[in-house]
Every structure is written in C-alpha cells, then in structure tokens.
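S.K.: Protein chains in written order, with the numbering used here: chain U, 1 to 527; chain D, 528 to 1054.
FYI, nobody ran anything at the bench for these hints, they're computed from the structure. Incorrect hints may appear among the rest.
What the hints assert, rightly or not - Below are the DMTMM-like pairs computed for lysine to aspartate or glutamate, each with C-alpha atoms no more than 25 angstroms apart in a straight line:
| id | chain 1 | residue 1 | chain 2 | residue 2 |
| --- | --- | --- | --- | --- |
| 1 | D | K736 | D | D756 |
| 2 | D | K663 | U | D106 |
| 3 | U | K281 | D | D1027 |
| 4 | U | K510 | D | D756 |
2 protein chains.
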Amino acid sequence: MSDTAKTQPVYIDGEWTHDYVASTFCAQDPSCGEATEGSFPVSTWDAIDRALDAAQRAFRISRNLEGDQIAAFLEDYAKRIEADREVLVELAHRETALPKSPRLADVELPRTVNQLRLAAQSAREDSWRMPIIDRKANIRSCYTSLGPVAVFGPNNFPFAFNGISGGDFAAAIVAGNPVIAKANSSHPATSQRFARLAAEACEATSMPKGFVQLIYRTSHSDGERLVADPRLAAVGYTGARHAGLQLKGVADRVGKPFYAELSSVNPVVILPGALQERGDKLVEEYVVSGLMGAGQFCTNPGLLLLVKGAQTESFIEGVVARYQAAPAGTLLSSGVETSLVKSLGILSKAGAAMLTGGTKLPGGRCAVANTVMRISGEQFLAAPEVFQTEAFGNAVLIAVCDSVEQITRVIDALEGNLTGTIYSDTQGADDTVYASVADALQQRVGRVLNDKMPTGVAVSAAMNHGGPYPATSHPGFTAVGIPASVLRFAKLTCYDAVRDSRLPRVLRDKNPNGSTFRCIDGAWTKE
Amino acid sequence: MSDTAKTQPVYIDGEWTHDYVASTFCAQDPSCGEATEGSFPVSTWDAIDRALDAAQRAFRISRNLEGDQIAAFLEDYAKRIEADREVLVELAHRETALPKSPRLADVELPRTVNQLRLAAQSAREDSWRMPIIDRKANIRSCYTSLGPVAVFGPNNFPFAFNGISGGDFAAAIVAGNPVIAKANSSHPATSQRFARLAAEACEATSMPKGFVQLIYRTSHSDGERLVADPRLAAVGYTGARHAGLQLKGVADRVGKPFYAELSSVNPVVILPGALQERGDKLVEEYVVSGLMGAGQFCTNPGLLLLVKGAQTESFIEGVVARYQAAPAGTLLSSGVETSLVKSLGILSKAGAAMLTGGTKLPGGRCAVANTVMRISGEQFLAAPEVFQTEAFGNAVLIAVCDSVEQITRVIDALEGNLTGTIYSDTQGADDTVYASVADALQQRVGRVLNDKMPTGVAVSAAMNHGGPYPATSHPGFTAVGIPASVLRFAKLTCYDAVRDSRLPRVLRDKNPNGSTFRCIDGAWTKE
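For reference, chain U alone in the conformation it holds in the complex (with noise of 0.2 angstroms):
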C-alpha cells in the first residue's frame, strides 16, 4: 500500500478516489489532543473541477426530478442513519469529544434525521415550491432548483448541520440541488461515514452520479476559486467570521447567493420584575444554557444585561458560583480553545472585569476555565464594537446598566444577532417597561424570545434561525425549518402563457397532489 493509498478517500462523481491529494491533516481528539487516527486529504484543485463537473451533469437530471424520487433518497439516507448509529455516534465522539449520550445519540441524531425526514415531506409536497397562480393573467410561478450547492459544515453539531447530513444539505437537496460538502476538518471521519451513507442511498434509489459529494479541506485560494466558479450556483456556509466574510466577498464579486452564519452574542435582558420574583430560578435557567454543550452554540445566551441593584448583585453572584462549581466541558478542537482564550483576552484588555476563569485549563485536554466577566452599561456604550467580540465556548459577559432606558441604548447599539431574550415577571411588573426594550431588540435579531434560554432551535416550520447582518447575511432567510430554509437554494421562475402541459407539475390547473397548497388567485387552497 503506497502513502497515498493510505490517505482516506475523497467521494467525486459516484467513486471514492485516493487521488487528488495535495498534502494531508489528520483530526484531533479534544479530551486529550492527540491526534485521531486516519490520514485525510487536503484536495488539489483537480478535485474540485471533477466535482464541479459532476455536479453539473448531475443539476441536468436532477432539476426535472419528481419529489417523490427526492423524498425516497431523503428517507432512504434517513433510515441508514438510524442503523448507523453506533458507529457514526462513535466516530463523532472522539473527533469533538461530544457526549455519546443523551447529547449525541440522543438529540443530535434523531434531530438530524427527522430534518432528513422533514425535508422529504417537504419535496414530497412540493411545499417548498409556493405555487402562485394568477389564472385570469395566466402567470404562474414557483420556486425551481437554482443548481450545484457547496456546504461548508461547522465544527460545533457533527450531524445535525454537517455539510453532507445537516440542514443546509437537506435544504439544498429538497430543491433537487447537488450538492458538494465541504467537512468541517475538525470532523472527518465522521463526514465521511455519512458519505458512505448517503452514497449507498443515492445508489439505493438511483439518483445520478455527482448528486452528493464530499472534501475534506482545501487551501484557502482554491476554496475561494471553488465559490468563484460558475458552475457552482450558491453557498451555504457556518462557522467562523473572518473565514466566511472573505468566501462572502468572493461570492458577492460574482453575484453568487452566499448563505453565511457567522456570529452571535445573543442578548439576554432580564427585566427588574423577573429577577425580584424569580432570581434563583434565572440563576439556574441561566447556567444550564450558557454552559450547554460547553457554551458551543450559535445561540449560546453569551451577553447578559441586568439593572444595577442588590438583585442583579446576587444573581451575578449565583451564576459565579455555580460556574465554578461546574466542571469545565471540553472543547471542540485546540482551535476553539486558542480562540477563546484569545477573545477573553480581548473583552478583559478592553476593561471587562474577571469575576472568574479566564485561562486555559493545564493539560492535554482542550479546555478554558468557565469564565464570568462583568462591564458596566456606560462601558459597553463607549466600545459596542469589542464588548461584543464573540466568545465562542463556556464564557459570558454581564453588562450592569444603570436603567431600562440604558439597556435599550445598549441594544440600539449591537450588531445584528440570531436571537434576543427578554425575562419578565408574571405580575406586570416589567409591563410598562418591556414594549420598548423588545422594539428595540426586535430590529437586531432574527428570533424574540420570553422567559425562555435561546439554545433550543425546535426545527419548525414557524423557526427562524437567522437574523441581521452578521449573524447571517441576509435579514430575509432562516437556516432551519423546512419549507423556508430550502428557499435559499431555490429561484424563483415564472411562467406566462405557458401551455398547461409544459408546466412544472404544482402548476398546472389540475392540483397533481392532493398535500400541496397554492395560492390562487390570492387564495390559498388545495383544489
């Protein structure tokens, strides 16, 4: 067996090939930082070419397919997932030292699956298409497949947003897009089963060669090149900023959609009211979500804003408490660790106070002290922009205000987030308060919530896990909940005067399905 022969395979065109390797990485297991075994390949352009051109081959059959063929390799990959379990359960725990159970195997697998599921109803339905039909105009229009998808997967949900098994996967292939995910290199292994998986259902229900296809890594110029190429006909990408801005900036120069979940701090207000009533119970509330998961989600509740007064006084000293009491969870990769350390390192030299933590825990495993830092309201307005550096992992910053009115001001001057949280009393207390707190908070992120921690994204239809600019890159999208995510990789097409029997089937005058909504002449119906 030669050294190429040893790196793990690359999924182009319906093969597993050895070759295209320009150098290689291997991944790492966070609860001790080693490397895990397997040798994976950074890919050459080559590689990229051939799964361009398998893409589009694949675009030709798969844009005229019916959903019900979609839905069947949707469900197909669905089921092989579920008798996977152990194994991709496995793998995915020692590449991100994730919780085999109840966190992996337990919420992250069936959340992932169900998506799959859903997004089989959805083409199954037509659902996502919006059939909009005029008949006295005769015009008609619906949503239609846009073409080849490149996924970029983050490191923090292994299954549940992988590029080639998470939401924007599922998103882009309901659309009858194929699509080319990019594994997030902290997870290889893990990817690449699902590649197997997937390859096997696409051979199960015979859908074309280059419909689902997997890289490990590239070089960044080669990624940008791939995003640049016309054969490629939009992007979904989550994780880290300063990465995603430039692939951004490649994909606007040539008006390409580029779909981008970048960063969030999101706010959480609790108003007077609730911490009177309630203040032991927030505590709690509190320190489950913001250390969740090590604090590694993009709704993580990582900047608090409180009224100054004896209340908020012994509600910060709670949430101290118990964050020293718990033990610090493992971070995802030595890179999330180095980040967060960094990012502390900013908000401290910028004058936030070190209630606790703050620095690396010794040893091999990657991790960073849970971490409380406090501000005062007047400090995050003089310096909006670092107070609101993101720190990705088990940190929060507590900004004291001196009033309501000072908390608005402090939401006026945030970037656009994925989520804002107002806590109040049950007695109308804070009533007289709130309207002007979530006005405010309202026109910053994409999803209000009440009495309630963030990191839960219920995968609904009603979901809007997006928001302003640069929590995502578009006001109007959401990444999760089916039929509305899968309109980022739709194009909207409209057919005037267009015979009845050359119109995509949900158009025609005869309903093909009895499940399908469309909204004629202004009414929505299923006749």
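On the provided structure of chain U, position chain D as indicated by the hints.
M.R.: Positioned in the frame of chain U, the structure of chain D alone reads:
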C-alpha cells in the same frame, strides 16, 4: 432672490429646502436636445446625513404603524396622482419624450396608481407578512419592517418605477420602511412633482416626518457613502449595470441587501415549426414589441435565436423591412443615445453584420436609426460575452443557429436574464424539441413565456420581474407583483414563547383580520 434660491429644493425631514447645494444640473428635452427649465441641486453630504437621521426617526414610528395607516397613505397618494395627471404627464413628456398618450397618460400612470392601491391592500391585509404559526411549539414568525430604504429609479419609467412613486417605492412603504428616493436625473421635475404629492399625502394621513424624502443627485462618492451608511437598511436600484455594480459592491461589503435590476437581453427563440406556421404574423408581433418605447424596456427582446433556413431568411427580411419603414423613436436622453451607439459599435466590431441602422440620426433629437444585426450561432458561441452586450434601445441582434441543439448551447452560454421566450407551432411539430430548449432556458431567466412577447409585465401576484445575476442581484425575488416584491424590504422575525398580547397582531391566537391568510400548523387558513 439669490442664485441658491433659484435652484429647486430637495425634500428632507418634512421640509422643502434650498440648502445643501454642491453644484447644479439641468434635465434635457430629448426631442431637441436642449436643457429644460429649472436648475436642480447636486446635494452635499450634509443633505444625505440629515435625510438619514430623519429616516431613522421616522422608522421608530413607522415600524409600529398599523397596516391601515400605511394603506391610507398609499391610497391618498394614489388619489392625488390621479388628480394631478395632466401636470405629471406634461412634465414627464418634456423630460423623457415618451408619448403623452397612450403611453404616459393611459398606460403608465394608471399602472402606477394601480400598484400603489395593490400595495395599500397588502398593507391593510398584512398579506406581505406571511404569518406562520406553530401552535404546539408556540413559535410564530412573520415578516416585519426592515428599516430606511434608498430607492434609485431608472430613466425609462418616469412614473411606474420612479424612486418616489414606483414599484420599489411602494414595496418598501408597505413594510413600514421610510424611503429616501434618489430621482433619476433625467426627469427631476417629474420626480419633484411626485414628491410634492407624496408630502401632501403624508401630511393628510399623519405619517411621520422623514417617511418620504427626495434628493436628485449626489457625487458618486456620496452615493456610495449613503449606501454604506448603517442608518440605511437596504437599497432598491434599477438602472445602468456599471453604476449598479459599483453600489452593490459597497452594500455587499457591509452586508446590506441591495436589490438591483441591471441588464437583460431577453432571448426569444422562434422554433422552426412556428416560423413555418405563422412567419409573417411573427414578424409583425416581433417588430411591435422590439420597437415599443424605442426599445427602451428592461424586457425588450434584444436577442433573437433562429434556426437557419428559408423561413428564417424571409423572417429576417421582413423584420429589416419593417425596421427600415418604421420611424425611429426618440431616445430618453443623449446619454442613452451615446450608450446605444457605443454598444452597436462593440457588437459590430465583434463581427455582427449590420443589416440596417447602426448610426445616430442627424439633428438635435436623441435618436438612432432602427437597427438589425445578424450573427451565426457559431459566432455567438465563440464570444458569448461580447455578443450579450446590451444595446438598450431600438436595436436587435439575430443569431442564426445551425440547429435547435446549437440554440440550446447558446442558451447555456447566456448570463442571467429577466425573460426568455419560446415560440412554437400549434400542431405539435415543435413539441419534440421544446422540452430541451425550455429546460436550458428556465435556468437562465426569471420568466419563461410561450408564444408571447416579453415587453408586457403584468402587475400580478404571480409575476416574476426578476432573474439570475446579472439580470438582478438575487435569483429569488421579484421587483413587480405584490406581496412578493415587498419581501425584499422585510426582515423575517420569529417570536418564541412570546406572550400573546405582545405579539404582532397578525400572529396572535385570534386572527385580527378576516382577510389575512396565515399558515397555522402547516395549513393556510383565514381562521
């Protein structure tokens, strides 16, 4: 009266002001090339700065207005436009040379008023909000106001796409967004007249100061500064490609939605059976559409794709004869004339044969001889970029291809377009080739037409006046058609466990409005 006072005022923060004049310009009467009466300001940055502040203040109010009040403003404004019809038509005719009747008085003005009324209806019914309710999870979402919008209107529709009365204006207003209109500098007096009516309507319906504002022109750098400014939430732009892409680049860098409509050659394929069946009729149909408004429509059919043969030769002869016989229409400005002559030069230099026209007509009137150019499919495929040069005006490029298969390859080489049209025979002779041509074409265009020229853009909920880049800047949105066009200027906002009384009315348990469709637990209903 000082010199400054003689310059026409801008409308900022509810006030007509003669301040902020950096320099001045005059519009042109294209029928003779002379300057029209009235001197208009190129505004300083201070004007824009004040307009942005005023828009921000207005937005704090307008985002919370009920749909009824927005609707009242739009309907009041529509009524004032109708009452002022004679003055508006006279002004627009002088500044654009477009015929008073039927074009301005009987087509464009009623269309404009109709758009404003449909917008009012959407505001009243909240149909643009697309409410989605998941009762079990108690998660609800809808579109909400986005923020102040700048609208840059084009030269070719002084009413229906005017930045202060047209489609983008109406769409932005429906969603409760203040508009800063940038008049097209070829018709400033028309735009000013609209602003006067809009100001009166604001006054009559108690809209906040700064909800509607008008400037005429700025320096390029101040235009870019406006687009980049964080007080501005989004931009609607219809106009020249180069200037649009400059501004889009600025918006992209700050993550701001920029909806641009840039250029389109609108390919028309006439299949052999159709030519055989009704060649003479098609000559007539083509010529009417191609020369309508001197070809100055964004959906002008500028690229004809035909298969070589005797019928094609006789079709081309027919078109040339009609183009020679028809009077050359007056162009919108000397700028359009210069640009058209330049484009024809580029196409000619690249090898297009000039069958008729190609030169400016003598005299002061802005006009170019009706122009027909011819190339082969092979020529197109050898230089697809140059042969897609938009020749905005009364000119057509006919590509005579070897086969339908070559037409399909030409289509595959096209950039994004607003429309794509296929003519086929009525007896089924073209049916075997239709599918492959249509399959290729619908990837490249926003609207597919059958046996109908693309120059009519019906104001219908099912219309897509949009298309893949560079026709527009996003493949999923339309600039015509309410409520879809509104979504460009809206933000998706989700409410997770938010108490019922705090929700937007349209998301509360009780439907506030019998006429609003809401998607509740997967079913669209008015209940």
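S.K.: Against the structure, test the hints numbered earlier, and report the numbers of the ones violated in rising order.
M.R.: 4
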